[in-house]
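S.K.: Each protein sequence line maps, in turn, to chains E and G.
This note's numbering applies: residue 25 is where the first sequence begins, and numbers increase by one.
This note's numbering applies: residue 39 is where the second sequence begins, and numbers increase by one.
It is worth saying that the hints were derived from the structure and are not from the lab.
All values reported here derive from a predicted model rather than from experimental measurement.
Heads up, a few of these hints could be off.
[As the list claims (entries may be wrong)] Chain E stretches covered by chain G per the calculated footprint, using a threshold of three residues with CB under 8 Å from any CB of chain G:
hint: 1; region: 90–101
hint: 2; region: 130–136
[To be verified] Here are the simulated SDA-like pairs of lysine to any residue, each with C-alpha atoms no more than 25 Å apart in a straight line:
hint: 3; chain 1: E; residue 1: Lys97; chain 2: G; residue 2: Gly78
hint: 4; chain 1: G; residue 1: Lys95; chain 2: E; residue 2: Thr27
hint: 5; chain 1: E; residue 1: Lys132; chain 2: G; residue 2: Val151
hint: 6; chain 1: G; residue 1: Lys55; chain 2: G; residue 2: Gly96
hint: 7; chain 1: E; residue 1: Lys132; chain 2: G; residue 2: Asp94
hint: 8; chain 1: E; residue 1: Lys94; chain 2: G; residue 2: Gly140
We put the CB at the ideal spot given by N, CA and C, even for glycine.
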Amino acid sequence: AQTVTQSQPEMSVQEAETVTLSCTYDTSESDYYLFWYKQPPSRQMILVIRQEAYKQQNATENRFSVNFQKAAKSFSLKISDSQLGDAAMYFCACRGSGGSNYKLTFGKGTLLTVNP
Amino acid sequence: EAQVTQNPRYLITVTGKKLTVTCSQNMNHEYMSWYRQDPGLGLRQIYYSMNVEVTDKGDVPEGYKVSRKEKRNFPLILESPSPNQTSLYFCASSFSPPGRYGYTFGSGTRLTVV
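Okay, chain G solo, but in the shape it has when bound (with noise of 0.2 Å):
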């Protein structure tokens, strides 16, 4: 099945502790980004990958981390997590560019920094 899967679904951590959010899809997509979901804000893009070892900031991008080692991986890294990150993350891949079906979507990551 093609999907992109996010691995925790839940997160409880402390502040300061580092914490990497996984993400890997099985659709040989180039393109993979990173969103958080925040209430009354909607989504908003942290990074983004065009492919291999090509990453760069979306809008949010203060307090994270991304690698692309590998087409299929795009961890997210928060090196010292704040409250202020406790969010919905959501991690999304496409074709370069997006064709008729556009992106696709992990599950979400519940992460809550205390």
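Only chain E is shown next, with the shape it has when bound in the complex (with noise of 0.2 Å):
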């Protein structure tokens, strides 16, 4: 079983300016995967960015990136020259490897507001 914890409901940004969004995860599971969901006012989910807990490396997608925190549990994303199209809930969530359910566990999320 895994939880997700995000602590902040609400954060803000100036455009162009970089902010990162906290999220830890508590996990049994030696393997697992990490991912940030970007849901915008039109109600789709979006696929941000992808961690493999195996890699060692941060995961990065244009201006998007992660600093995952292995020992610590932690999972940040850093959104990079922030656009008023990058405001919209995000959302954290872990999925174990096991094979019985490929679940996805949620955060609560975090709106962000970008400020022209």
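Reassemble the complex: the two chains are provided individually, in unrelated frames, and hints are given to aid placement.
M.R.: Here you go:
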């Protein structure tokens, strides 16, 4: 079983600045996967970035990068050069490698506002 | 276009009136799952299916039923909806196990039970 905690219900950032969203997790599995999803007002769930726990290198996708601290069970998302289109709800999620259920366990979300 | 299609997008119903939310995927995914999203709670899994005729409960299955008679379809059934089932519902699918691109989500169904 996993738990995911997002301690920041809301965050704001100025356009073109950098913001970091926090996420901590707990899991009893040795192999697992971590995700950040973006949910804009359209409600669509959009995968932003994914990290395999066995990989030490932090994942990056263009302006999005993660700081994965496995020992601390921390998985923060950094958004560089923030754009107005980045405004959305962001969810951190975890999935174990077990084959009985490929369930994503989500945090409660962080609402990101981007100020022009 | 590869997608998960949910219908309806919005639904208002009355307490006790049976309803079905449909979910269909065109990617030949084995795994399908339903989530509900509530403010301050994130997304929680209701039911999942590993393949045709194989379904099991998630974290919040009470008041819901599912079926998986065909690989592409995974309907969510509320036999007697109650106001506490007012929520935003998502269907998701993936290969088994999920590959590099993980899950594909539907566009969501906003359900209101009065």
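S.K.: Are the hints correct? Go through all of them and say.
M.R.: Hint by hint, here is what the structure shows:
no., hint, in the structure
1, 90–101, "violated (count 0)"
2, 130–136, "holds (count 4)"
3, E/Lys97 <-> G/Gly78, "holds (22 Å)"
4, G/Lys95 <-> E/Thr27, "holds (18 Å)"
5, E/Lys132 <-> G/Val151, "holds (23 Å)"
6, G/Lys55 <-> G/Gly96, "holds (24 Å)"
7, E/Lys132 <-> G/Asp94, "holds (24 Å)"
8, E/Lys94 <-> G/Gly140, "holds (21 Å)"
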